[in-house]
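Trainee: Let the hints inform the model, and build the full structure from the sequences given.
6 protein chains.
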Amino acid sequence: MTEIDRLELGKKTLNMVDGPAADNVMNSLKDIAPDVGKYIFEWAFSDIYNRPELDLKQREMITIATLLTQGDTAAQLKVHINGSLNVGLTKEEIVETFIHCLPYVGFPKVLNAINVAREVFND
Amino acid sequence: MTEIDRLELGKKTLNMVDGPAADNVMNSLKDIAPDVGKYIFEWAFSDIYNRPELDLKQREMITIATLLTQGDTAAQLKVHINGSLNVGLTKEEIVETFIHCLPYVGFPKVLNAINVAREVFND
Amino acid sequence: MTEIDRLELGKKTLNMVDGPAADNVMNSLKDIAPDVGKYIFEWAFSDIYNRPELDLKQREMITIATLLTQGDTAAQLKVHINGSLNVGLTKEEIVETFIHCLPYVGFPKVLNAINVAREVFND
Amino acid sequence: MTEIDRLELGKKTLNMVDGPAADNVMNSLKDIAPDVGKYIFEWAFSDIYNRPELDLKQREMITIATLLTQGDTAAQLKVHINGSLNVGLTKEEIVETFIHCLPYVGFPKVLNAINVAREVFND
Amino acid sequence: MTEIDRLELGKKTLNMVDGPAADNVMNSLKDIAPDVGKYIFEWAFSDIYNRPELDLKQREMITIATLLTQGDTAAQLKVHINGSLNVGLTKEEIVETFIHCLPYVGFPKVLNAINVAREVFND
Amino acid sequence: MTEIDRLELGKKTLNMVDGPAADNVMNSLKDIAPDVGKYIFEWAFSDIYNRPELDLKQREMITIATLLTQGDTAAQLKVHINGSLNVGLTKEEIVETFIHCLPYVGFPKVLNAINVAREVFND
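Protein chains in written order, with our numbering: chain A, 1 to 123; chain S, 124 to 246; chain L, 247 to 369; chain Z, 370 to 492; chain Y, 493 to 615; chain B, 616 to 738.
Take the hints with a grain of salt, since some may be wrong.
What the hints assert, rightly or not - Listed next, the stretches of chain S that the computed footprint assigns to chain Y, with coverage defined by at least 3 CB atoms under 8 Å from CB atoms of chain Y:
#1 144–155
#2 161–167
#3 203–212
Stated by the list, open to error - Capping the alpha-carbon separation at 20 Å, the derived lysine to aspartate or glutamate pairs in DMTMM-like fashion look like this:
#4 Y/570 <-> B/707
#5 B/645 <-> S/242
#6 Y/530 <-> B/707
#7 S/161 <-> Y/585
#8 S/135 <-> S/178
#9 Z/399 <-> L/338
Because the hints were derived from the structure by calculation, they are not lab data.
The beta carbon of each residue, even a glycine, is placed where N, CA and C say it ideally should be.
Mentor: Pasting the structure below:
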């Protein structure tokens with residue numbers, strides 16, 4: 001795949017997942033670190049997200065679990081809770097993904113993620 | 124549900140997921156911290172794992188993603204990569220779950236998890 | 247102990263530790279993830295907090311040390327710095343718990359925790 | 370070196386790196402945990418920062434990499450992105466330090482650090 | 493306090509807490525990074541551990557909680573579980589400190605710490 | 616740049632930094648997750664490592680600081696301490712990079728990294 005093809009596929013995929021939130025991230029990077037935006041398109045959302053072994057619902061479920069676990073990711077969780085809804089996960093499945101993490105990471109990280117979900121669901 | 128019922132349901136569920144590995148964890152806790160084993164049965168594998176919103180394949184996928192992300196969890200990843208196979212995830216889906224985490228956590232944690240998977244797959 | 251007994255004991259214990267802050271956490275969970283509130287009562291504040299081996303002052307000291315260490319827990323630290331005062335720790339003991347963590351976690355996490363303590367003490 | 374000498378050297382070094390931001394940190398500690406400020410002067414910015422093996426540009430580059438990696442350090446990153454500029458790193462070198470961390474820690478932590486850099490650069 | 497005094501006080505305190513394990517750490521640093529050993533004596537075990545606000549039992553309890561929480565600290569936990577016994581904590585209090593962390597950090601980190609405790613108790 | 620060009624440039628760069636250790640990582644990925652090896656070449660060591668804003672000595676200094684900070688990275692630290700020597704950092708600069716992290720991450724992570732450095736230096 002050429003560099004242009006990877007960029008285009010990444011834009012299409014990111015748009016499907018994140019919609020307008022994706023544009024905000026890219027615009028915020030334009031002045032200061034445009035190549036980071038390029039790598040998000042070319043690598044994360046083109047090379048990785050389009051691999052056939054998992055579908056987008058599974059990928060977003062994994063994404064919100066890894067974001068919850070690493071902590072200090074409220075901004076990214078907001079984007080990907082929206083993304084989870086966009087690709088077809090229900091609110092119940094999103095919250096249940098967080099609840100399933102309870103025995104592995106404890107309450108504080110799960111409560112933080114639920115707080116972000118509440119904000120997203122209320123919008 | 125009574126305390127006995129929760130304990131029994133937890134044992135049944137943990138056995139379904141982890142098989143003999145579960146017994147090892149429980150035995151290793153018997154002398155030093157038996158109640159931790161009790162909480163793993165009653166709470167983690169009874170109350171949490173039996174909630175209807177997600178199936179066991181989804182739960183194990185989330186589990187290995189959260190274990191990979193927090194790091195220093197080789198022992199637990201070993202148990203749950205086995206558990207993932209036991210509930211029907213393929214080797215390809217397990218490795219792909221790890222690969223999907225790459226843009227979120229970077230290469231070191233993903234390489235660590237792949238090393239554990241290699242060991243489990245070779246057994 | 248029955249499910250109701252565990253719930254009641256948990257409510258009583260959490261109230262003793264956190265007072266009105268506990269109600270806020272529970273209310274915020276009511277619509278979106280009520281079972282998480284139930285687990286906090288039944289498991290964390292009933293099963294765990296009432297074990298006889300440590301008293302509530304020791305438990306809150308451990309709690310604020312673990313919250314400081316994991317990071318991204320300002321909301322939970324606020325609740326448990328208040329909780330520490332409620333169960334009888336002095337302001338000096340709370341700050342000293344943070345200072346003792348300095349050689350183990352470095353300055354950034356300790357400064358973050360001290361900032362939360364300043365807010366709580368000023369209220 | 371006497372205690373006074375260490376304190377004075379630390380004040381001088383911290384002032385060179387952080388300027389007015391350093392005073393703010395120290396003032397905010399005065400009432401609640403003055404000794405933490407003392408340790409920052411005596412140990413971090415006297416004993417450590419004045420060791421001859423690395424210069425201040427290298428030290429600030431390492432500092433912003435370690436702050437980015439541990440997460441939940443927006444306040445400290447702000448101080449040390451300013452510090453990086455004060456000791457002679459360019460904006461491009463600062464952002465590139467963050468970009469170099471991408472394969473090791475993933476996008477969320479790097480995007481968080483870039484957001485702090487944008488704020489500092491805009492001031 | 494002079495540099496020599498701080499060094500001597502730190503040696504005395506570290507010896508009280510860690511006994512022979514302390515010597516091992518110091519010896520292992522002698523060739524490659526002797527100043528790190530110096531800072532452990534002068535700062536951690538002199539300046540910090542001798543502050544009057546908390547006693548050594550409380551300090552070791554906080555230490556093992558923060559080590560458990562940050563993960564990848566088996567070597568340090570081994571030293572400080574021994575240290576906890578040396579300053580008078582019982583095996584039950586040590587294990588209970590770990591159990592109290594369960595709701596805050598989840599099972600994997602607690603199981604890791606219990607495994608280290610089992611090794612230390614068996615020696 | 617074409618996919619082949621990126622792959623070739625990545626191989627060349629990784630070989631310069633890591634030498635035979637790089638081959639070991641790639642071989643270990645061949646059966647189970649070959650694309651992860653491909654991304655390490657194409658993205659990490661081609662796209663990122665060849666950006667002109669920082670030189671290889673600076674990049675390896677940042678790499679070992681970020682690896683030390685995230686923890687559970689002994690295998691990767693081993694590769695990159697070797698890499699640091701390969702690109703021209705001295706043993707003193709490597710150890711000093713770790714020492715500089717002390718006030719930011721505390722002693723346990725720094726001691727872990729120094730232990731890996733001792734092993735590498737002794738080989």
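Trainee: For the segment 203–212 of chain S, do at least 3 residues have a Cβ located nearer than 8 Å to some Cβ of chain Y?
Mentor: n = 0 at 8 Å, threshold three: violated.
Trainee: Are residue 135 of chain S and residue 178 of chain S close enough, with their CA atoms no more than 20 Å apart?
Mentor: holds (15 Å)
Trainee: Is the hinted pair residue 399 of chain Z and residue 338 of chain L satisfied, with a Cα-Cα distance of at most 20 Å?
Mentor: holds (14 Å)
Trainee: Is the straight-line distance between the alpha-carbon of residue 645 of chain B and that of residue 242 of chain S 20 Å or less?
Mentor: OK: residue 645 of chain B and residue 242 of chain S at ~14 Å, within 20 Å.
Trainee: Is it true that the CA of residue 530 of chain Y sits at most 20 Å from the CA of residue 707 of chain B?
Mentor: Holds: residue 530 of chain Y and residue 707 of chain B sit about 17 Å apart, inside 20 Å.
Trainee: Take the segment 144–155 of chain S, compare each residue's beta carbon with every beta carbon of chain Y, and decide whether three or more fall closer than 8 Å.
Mentor: Result for this restraint: holds, n = 5.
Trainee: How does the segment 161–167 of chain S fare against chain Y when you require at least three residues with a CB closer than 8 Å, holds or violated?
Mentor: holds (count 3)
Trainee: Below or equal to 20 Å on CA atoms is what counts here, so check residue 570 of chain Y against residue 707 of chain B.
Mentor: violated (29 Å)
Trainee: Sort out whether residue 585 of chain Y lies within 20 Å of residue 161 of chain S, counting only the CA atoms.
Mentor: OK: residue 161 of chain S and residue 585 of chain Y at ~19 Å, within 20 Å.
Violation of the numbered hints given earlier is confined to hints 3, 4; the remaining hints are satisfied by the structure.
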